[in-house]
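**Q** Could you slot chain B onto chain S? The hints should help.
The listed protein sequences correspond, in order, to chains S and B.
Every letter in the first sequence is one number past the one before it in this note's numbering, and letter 274, counting from 1, is 274.
Every letter in the second sequence is one number past the one before it in this note's numbering, and letter 140, counting from 1, is 140.
These are computed hints drawn from the structure, not numbers from a lab.
Beta carbons are placed, not taken as given, at the ideal position from N, Cα and C, and that holds for glycine.
Heads up, some of the hints might be wrong.
Only pairs whose alpha carbons sit at most 35 angstroms apart, straight line, appear in this in silico DSBU-like list of lysine-lysine [stated by the list, open to error]:
hint : chain 1 : residue 1 : chain 2 : residue 2
1    : B       : Lys252    : S       : Lys344
2    : S       : Lys12     : S       : Lys34
3    : B       : Lys252    : B       : Lys181
4    : S       : Lys203    : B       : Lys181
5    : B       : Lys252    : S       : Lys203
6    : S       : Lys63     : B       : Lys50
7    : S       : Lys203    : B       : Lys15
8    : B       : Lys50     : S       : Lys171
9    : S       : Lys63     : S       : Lys12
10   : S       : Lys203    : S       : Lys271
11   : S       : Lys171    : B       : Lys15
12   : S       : Lys12     : S       : Lys269
13   : S       : Lys269    : S       : Lys34
14   : S       : Lys171    : B       : Lys33
On the chain S side, residues computed to face chain B include the following (Cβ under 7 angstroms) [said to hold, decoys possible]:
hint : residue
15   : Asn98
16   : Gly101
17   : Gln103
18   : Val111
19   : Tyr135
A few chain B positions that, by computed beta-carbon distances, are all more than 12 angstroms from chain S [unchecked claim]:
hint : residue
20   : Gly20
21   : Arg104
22   : Tyr109
23   : Ala135
24   : Lys144
25   : Ala179
26   : Arg265
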Amino acid sequence: MTIMEPAAELSKEEILHCYRTMKLVRAFDDICLKLQRSGRIGFSIPNLGIEACQVGAASALRKDDWFFPSYRDFGMALYHGVDPLDMMNNMFGNANDNAVGRQMPVHFSFVDPIHFVSISSPLGTQIPQAVGAAYAMQQRGEDKVALASFGDGSTSTLGFHSGMLFAGVWKSPVIFLCQNNGYAISLPSSEQTASESYAIKGKAYGVPSVQVDGNDLFAVRAAVSEAAERARAGEGPTLIEALTFRMGGHSTSDDPTSYVPKEEVEMWKGKDPIDRYERFLTGRGMIDAAGIEATTADCLAEISAAAKAAQAVGQPALETIFSDVYAELPAHLRAQGAAAFELKSRLGDADAGDGAFPL
Amino acid sequence: MANLTLIGAVNDALKTAMRGDETVLLFGEDVGKKGGVFLATDGLQAEFGKGRCFDTPLSEDGIIGTAIGMAMNGLRPIAEIQFQDFIFPAFDQIVSEAAKLRYRSGGQYTAPMVIRTPYGGGIRGGLYHSQSGEAYFCHTPGLKVVIPSTPYDAKGLLLASIEDPDPVLFMEPKALYRALKGEVPEGHYTVDLSTCRTVREGDDVTIFCYGAMVPVVEKAAADAAAKGISVHIVDLRTLLPLDEDGVVEAAKKTGRVITVTEAPRFCGYAGEISAIVAERAIEYMEAPVTRVTGFDTPFPNTLEHHYLPDARRVIDAIEKVINF
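One chain only, chain S, in its complex shape:
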């Protein structure tokens, strides 16, 4: 375990913003779990235990950098000022959802205030895409970077291989952040790879790599800052393996007690990144017990209000099934849409059913 120590240039305001963002992530998870258990949303992805990775990484990057996230990274969006309501609209798949109710919950997409690129469920696909976006930055002579964030399981995908490969050859301004949270759904790292670490995988691609304590926000921030500095200076990509632990399930549909030994969870509970951060803050006199309590309550209230507002928004209109497939609606989709409307006017709505996501 590293000793938490912020970089000298970090202001108290910045340190507290990181804290509040982690608390927002945890509040978002808490509220979403309740919404899912009470049947108001279908699915959610908990982040319990990994909040410092996301927020630490985001805090090291600028608003004009690009984020290619996994589905367990939304703290990055919150850090840079994405409105929790925009996120809740996605959780409910309502008419105001940026993804227009087309995706499952937690598949966020934002272009403002940051490029937080639309998340897809197939793993690792965003990794070479980040390298491509970085190529455009390189070609225009910009000093931006692209962050590709993913879990330990994604290091086994084609996208990890091709992304690392191309970034190494192109000296891309990319940061590969592998959040090793111990399990890919139920598969432990020991069965994911025979490699001595995930970080070492960078070596064969000519990508410098480093392992950091992923539960130490300042350690993650320092590693990402250094990688970003190198990238902006034209020195190419970095692979960062952040060692952390997912203390919750893979999703709200997953019961991790069937595959995670109890002792392992207990061990990691002692390293809870938010508890550690709170100990640091109180030790430095930046917050006290009342302040912590107030932050918890304030974050829960903010997320809760967003959930209420999102729940009140109606479903997307029927025509949104057919729009955005192409820039312009082609004739066959126009015909299929017209047929769907005609059927609805004649026979009424289709039965929504009670489909529940199993994974």
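**A** Okay, now just chain B, sitting in the frame of chain S:
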């Protein structure tokens, strides 16, 4: 006007696009110094530099994945997949990512890009240099699929594809790369991605085809004409989205329909044309809606001339629907 081969027209289109728009760039395996294994990209690196025409590592997933990121971030990438047979490692990036990006982000992110790839038989390329895999991709909403059959269309359709706001799979019939020449205007022009092309007017039977099957059908039509049968030929050229009204109109014109593809039959593109005709024009049909296709086998090497539809098989089908 220049008299160009189909591959010459492709090369001309690429140069025209890259001269006109500095965000257009092209990359893939061996496309740079070598100019492509078929020389489609000959001279591009010399003219536009290594920043805009370059070789990549041997990774189709990487080629398409990075192209999507470039397209999201303001460039107009043209990714070459050396043979369509090698595209499958990139299938996920094409069908799950490029094709769905606009939809899943409500238009916040898009992938305006072209994937160029030679397809089809006729070069003794065996199982893995001969396939005609358009059906896999035509089953993918969000993607456009284009196949030219003439030098004029190759240039005009490719320029339209490069300028299109959506991802386009541009499949080039490699059997025709140097098999024919045609007049190609100099400079910029486009051929619309939403219309089929009447190749030959006729009254007795309508044949739908595309790519390398077009000259095969033209030869069959010439032979049929000698027997007094008038064949109407339609080159579909944009397979997705299809000019369905154009198909239905051409089907109604003769009341006899054959679709010719070199791809396997089952769940193939010819089946889709048959279904459209059955749904929208069955009352006009005088004979069974017919398919002439490759067999439902892997693509053979030594006996490829038996696998590929030829004029002999097309005439046989014409006579069957005429004499029904």
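**Q** Indicate, hint by hint, whether the structure satisfies it.
**A** Tested hints:
Note on B/Lys252 and S/Lys344: the hinted pairing holds, with a Cα-Cα distance of about 31 angstroms set against a maximum of 35 angstroms. With a C-alpha separation of about 33 angstroms, the suggested pairing of S/Lys12 with S/Lys34 holds against the 35 angstroms cut-off. A C-alpha spacing of about 32 angstroms is found between B/Lys252 and B/Lys181, which places the hinted pair at or below 35 angstroms, so the restraint holds. Distance hint between S/Lys203 and B/Lys181 is unfulfilled; the C-alpha atoms sit about 51 angstroms from each other, more than 35 angstroms.
For the hint linking B/Lys252 to S/Lys203, the alpha-carbon distance of about 64 angstroms lies beyond 35 angstroms, and the restraint is violated. Between S/Lys63 and B/Lys50, the direct Cα distance comes to roughly 30 angstroms. Compliance with the 35 angstroms bound is thereby established for this hinted pair. Under the criterion of a C-alpha separation no larger than 35 angstroms, the hint pairing S/Lys203 with B/Lys15 is inconsistent with the structure, at around 38 angstroms. In summary, the hint linking B/Lys50 to S/Lys171 is supported, as the alpha carbons are separated by about 15 angstroms, within the 35 angstroms threshold.
As the CA atoms of S/Lys63 and S/Lys12 are separated by approximately 20 angstroms, the hinted pair is consistent with the 35 angstroms bound. Between S/Lys203 and S/Lys271, the direct Cα distance comes to roughly 29 angstroms. Compliance with the 35 angstroms bound is thereby established for this hinted pair. The hinted pair formed by S/Lys171 and B/Lys15 meets the criterion: a straight-line CA distance of about 27 angstroms does not exceed 35 angstroms. Proposed proximity of S/Lys12 and S/Lys269 is supported: the alpha carbons are some 26 angstroms apart, at most 35 angstroms.
For the hint linking S/Lys269 to S/Lys34, the alpha-carbon distance of about 22 angstroms falls within 35 angstroms, and the restraint holds. For the proposed pair S/Lys171 and B/Lys33, the alpha carbon gap of about 20 angstroms is at most 35 angstroms, so the pair holds. Because the smallest distance between the Cβ of S/Asn98 and any Cβ of chain B comes to about 5 angstroms, under 7 angstroms, the interface hint for this residue holds. Of the supplied interface hints, the one on S/Gly101 is violated, with its beta-carbon coming no nearer than about 9 angstroms to a beta-carbon of chain B, more than 7 angstroms.
A cut of 7 angstroms between beta carbons decides the hint on S/Gln103: the least distance to chain B is about 5 angstroms, and the hint holds. A distance limit of 7 angstroms between C-beta atoms decides the matter here; for S/Val111 the minimum to chain B is near 5 angstroms, and the interface restraint holds. Annotation: S/Tyr135 was flagged as interfacial toward chain B, and the flag holds, the nearest CB pair being 6 angstroms apart, inside 7 angstroms. The claim that B/Gly20 lies off the interface holds: its Cβ sits roughly 17 angstroms from the closest Cβ of chain S, which is beyond the 12 angstroms cut-off.
Listed as a non-interface residue, B/Arg104 fails to keep its Cβ farther than 12 angstroms from every Cβ of chain S; the least gap is roughly 5 angstroms. With a least beta-carbon separation of about 5 angstroms from chain S, B/Tyr109 fails to lie farther than 12 angstroms from that chain, contradicting its non-interface assignment. The Cβ of B/Ala135 sits about 16 angstroms from the closest Cβ of chain S, beyond the 12 angstroms cut-off, so the non-interface label holds. The claim that B/Lys144 lies off the interface is violated: its Cβ sits roughly 8 angstroms from the closest Cβ of chain S, which falls inside the 12 angstroms cut-off.
Every beta carbon of chain S lies more than 12 angstroms from that of B/Ala179, the smallest distance being close to 31 angstroms; the non-interface claim holds. Every CB of chain S lies more than 12 angstroms from the CB of B/Arg265, the least distance being 23 angstroms, so the non-interface label holds.
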